[in-house]
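Q: Since the structure of chain A is already known, use the hints to place chains B and C on it.
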Amino acid sequence: MTTTVNSVRPLLEGRGVTKRFGGLVAVNSIDFAVYPGEIVGLIGPNGSGKTTLLDCLSRVQSIDEGEVFFKETEITKLKPHKVAHLGMSRTFQVIRVYRKLTVLENMLVSRQWRGESLWSQLSPGHPDTEKRARRLIDFLTLEHLVDSPAGTLSGGQRRLLELGMAMMPDPELVLLDEAASGVNPTLVETIKDRIRALNTEQGKAFLIVEHDMRFISDMCSRVYVLNFGEKLAEGTPAEVIENEAVIEAYFGA
Amino acid sequence: MDQFLQALINGVMLGAFYAAMMLGFSVIWGVMGVINLAHGEFIMLGGYITWVLNKGQILPGRLEVDWLKMEPFYALPLVMAIMFVVGYAVQRVLINRVVGKPHLVSLLVTFGLSIIISNALKLTCSADPRITETRFGGAWNLGNVTIPVTKTVILGLALVIMGSLWGFLNHTRTGKSIRAAAQNKQAARIVGIDINKIYALTFGICIAITAAAGTMISPTQAIDPFKGPPLTLRAFSITALAGLGSLPGALMGGLLLGIVESMIGIYVSGIGTNLAIVAAFVLLVVVLITRPQGLFGGLRPIQEAEQL
Amino acid sequence: MSAPATVDLGSGVARTKIIGLGLLLLALVLVPLGTQVADQTWVTNSRLLQFTQMFMLITLASNWNLTGGFTGYIDFGHAVFFGLGAYATGILMTNQHAVQWPFWAALIVGALVAAVFAVMIGLPTLRLKGPYFSIAMLGTFVAMREIIRVSKPLTGGGVGLTLPPYLNRPLFYYLTLGLAVAVISLMWWIRRSEFGASLIAIREDEVGAEMRGINTTLHKITAFVIAGFLTGIVGGMWAYQNTFIDPDVVFVDSRTIDLVMMTMLGGLGTVAGPVLGAASIYWIRDVVWAAFFDWHLMIQGTLLIGIVLFVPTGLIGVFRRDRSGTSLLRLWGRWFDSRDDARPEPDTSPEDRAVDTTREP
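Chains as they are written, first to last, in my numbering: chain A, 1 to 253; chain B, 1 to 308; chain C, 1 to 361.
Derived from the structure by calculation, the hints contain no laboratory data. All C-beta atoms in this analysis are idealised placements derived from N, C-alpha and C, irrespective of residue type, glycine included. Any given hint might turn out to be false.
[Stated by the list, open to error] To spell it out: a stretch of chain A is covered by chain C in this simulated footprint if at least three of its residues, at any positions, have a beta carbon under 8 Å from a beta carbon of chain C; those stretches are:
{"#": "1", "segment": "86-94"}
{"#": "2", "segment": "97-105"}
[What the hints assert, rightly or not] Calculated Cβ distances over 10 Å to all of chain C for the following chain B residues:
{"#": "3", "residue": "Val12"}
{"#": "4", "residue": "Met70"}
{"#": "5", "residue": "Leu113"}
{"#": "6", "residue": "Cys125"}
{"#": "7", "residue": "Ile131"}
{"#": "8", "residue": "Glu133"}
{"#": "9", "residue": "Arg135"}
{"#": "10", "residue": "Ala139"}
[Claimed, not checked] Cross-link-like lysine to aspartate or glutamate pairs, in silico, EDC-like; alpha carbons within 16 Å at most:
{"#": "11", "chain 1": "B", "residue 1": "Lys69", "chain 2": "B", "residue 2": "Glu133"}
{"#": "12", "chain 1": "B", "residue 1": "Lys122", "chain 2": "C", "residue 2": "Asp294"}
{"#": "13", "chain 1": "A", "residue 1": "Lys77", "chain 2": "A", "residue 2": "Glu13"}
{"#": "14", "chain 1": "B", "residue 1": "Lys227", "chain 2": "C", "residue 2": "Asp253"}
{"#": "15", "chain 1": "A", "residue 1": "Lys231", "chain 2": "A", "residue 2": "Glu72"}
{"#": "16", "chain 1": "B", "residue 1": "Lys227", "chain 2": "C", "residue 2": "Asp294"}
{"#": "17", "chain 1": "A", "residue 1": "Lys77", "chain 2": "A", "residue 2": "Asp64"}
{"#": "18", "chain 1": "C", "residue 1": "Lys152", "chain 2": "C", "residue 2": "Asp248"}
{"#": "19", "chain 1": "A", "residue 1": "Lys231", "chain 2": "A", "residue 2": "Glu13"}
Isolated chain A (complex conformation) (with noise of 0.2 Å):
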């Protein structure tokens, strides 16, 4: 009933983000939008705001002007929690997997909600979600590792199990903070391939933060390039490529 509505309007909507630390302005005044089933990624040099900017729209980070709007509700002052349970999941540049727990309970910890109460709570783990979770584990090709602990995992396993984590609560929009850094050439082409997968089958929308522009080439239909906190650049990768002001940010005058 609300497809078509929402198909027009964003899934994740930022208007006039600012974030300043101290005298340094991080991220001025961006605006900002993923829309529905879309892959969209995020470039810039190297302390340029992007991860700042994520933080900003899933909010680790509590952003000093304008506003954010997750499936057209205000978000900018909820809690992180609450942002998650709205169907936006995120993974991080330092990967966070908790490395005293197994695959499989990283992946059930990071269950989808069901409601606050802790009552619920208190039972060893719905069948359900655990089902939920081994699927995600095989088609993650982490199932060798189903109960070992995160800990021995390598980076690039790591980073796949992140993904897994932020696919648990089924969620409309993923947040991917360098998915593929660190992470061996093989390992690289099977991330891509799920995002893909989970993004064709399953019509998840992704915004991706990424240094390869190859990797973002391959997958985005927009782009968004920042540099120092601005908004340098819009539009397709190839456009984005040859413009002049991105080459010059990248590669100096």
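A: Then chains B and C, alone, in the frame of chain A:
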């Protein structure tokens, strides 16, 4: 008005003492990353050494010699020298094992140390409160305001100690090495600073200053083996107020706490100074929550908590 | 396949384990009968008292472990809940102005007082991290002792309160045994529940947990309140059994540190760790206390240092590598490593670093 002025004067004197008392704690934390929970016990240890020298109690309770009986304030350099050696040794034997380890390890190890010191003091000197006798007694009266001489001497000593530490850290080669080690251990090592030696030296100096606080406190307040923890807690509070390793911050924080405690003691009837520790604690929690970087911004922010 | 989170009972050994625990429990239930046999040669009333104290310590250490071990918030002032429970129970039972309450009612109210206080103090302090939380709780503890001391009309001040004496060692034996069993079972249940997994997730990575939809504040407060409530019960029982309370015996400095030490020796963040640690420390201390009364606190201090430096993963970690456990080194390490120059490799396991501590010159 007189009452207020009196409370203010008492507060300033108490505050200056607090500032000098907590310096060692703050510098050890700042340089080595060790939270020394035995801080108050080192103060008491300094106080007891002063008492031994003051009363000539070579074997406390068993052997008393008359020729020794020293004026506590004159004994200060000797106490500091002894405690420097003690501090140097404790660092080499124990603290060095916890440097660079997570804070809880140092907290628990120094807590164990505090139990050992306080009980050793109890075994050797008994749990009776002790007080030293100074010839700098009496008081000046200005109108209705009293200024005790002993506390004025303490105030002066506190300022001298703070000043010398500041001078030492900023204007001597060793002091600069210590600051370098605090800011970047690896880089300091690369430029040829013997980090272990610097740490042991820092700990020794800090313990000497800490023990000096024990000397200063001994003529005015009775010392007993179990009076350490409230002092440690105050040192922690002031460090949180001041920011790590900030000298002006330490002075401001100490004065703030001293004045608050003194005002509470005078104006809130029936409470007494015992409950002043509650003030220290409330101040601590409020500051930690509202201004994690400390009131005066030290060498580094006190709580680099990830923002939620 | 058993439910995924039941890491504590592997399917193969589960049966032997349950039988063993059942036999142990049966033996413990039978112990007080020994007082009836012969002329109390083996089981004396003072022996029962020792067991009672041990059960209390096991309960306290398990409670502490819920916040300290599972959630990762090292509470240096946990004994404040013990003290509140003891005092609330004592005040109600000795009420000079109105009706004196029966023990049971007073005990429940005492525990509720502790739980309410846990909410009040937890809301601000659980926002602090690492040592700041620990010291803030230590401050709470010291402050509460002074507040109790000055609230003379209610608490008897420094003089203390004398509760109606009631000497029934077997009763207290069974009470504390029952409580200990209940608490251990609860901890075991929590550990394998989603709630427990969420607590461990908070310990491992609080920001990540929040981002992944765990209401960290609610979880932390809940764990804190459960621990506070149960600790309050132990406090109330202790007050009645001891018949006398004053600020210095109830708020004795070493109580919390005993709990930290016991949990650490056993294994932080495991269900069995606090039980094992509390039992061992209790009996070690009993022997030391009897043999070297003057020195026992110094020996305890030395023991604490020894455990921290040489057995950081605890007995559980030494004997069996329980993967859900953690070590203090790791727990606080992670938070502080982020600012230290010497940042350990992310892949260093706690065991490796534990070895490091002992090697460091």
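Q: The structure should be examined with respect to each hint, and the outcome stated for every one.
A: Here's how the hints hold up against the structure:
no., hint, in the structure
1, 86-94, "holds (count 3)"
2, 97-105, "holds (count 8)"
3, Val12, "holds, 24 Å"
4, Met70, "holds, 29 Å"
5, Leu113, "violated, 7 Å"
6, Cys125, "holds, 13 Å"
7, Ile131, "holds, 21 Å"
8, Glu133, "holds, 28 Å"
9, Arg135, "holds, 34 Å"
10, Ala139, "holds, 29 Å"
11, Lys69/B <-> Glu133/B, "holds, 10 Å"
12, Lys122/B <-> Asp294/C, "holds, 9 Å"
13, Lys77/A <-> Glu13/A, "holds, 14 Å"
14, Lys227/B <-> Asp253/C, "holds, 12 Å"
15, Lys231/A <-> Glu72/A, "violated, 23 Å"
16, Lys227/B <-> Asp294/C, "violated, 19 Å"
17, Lys77/A <-> Asp64/A, "holds, 11 Å"
18, Lys152/C <-> Asp248/C, "holds, 14 Å"
19, Lys231/A <-> Glu13/A, "holds, 15 Å"
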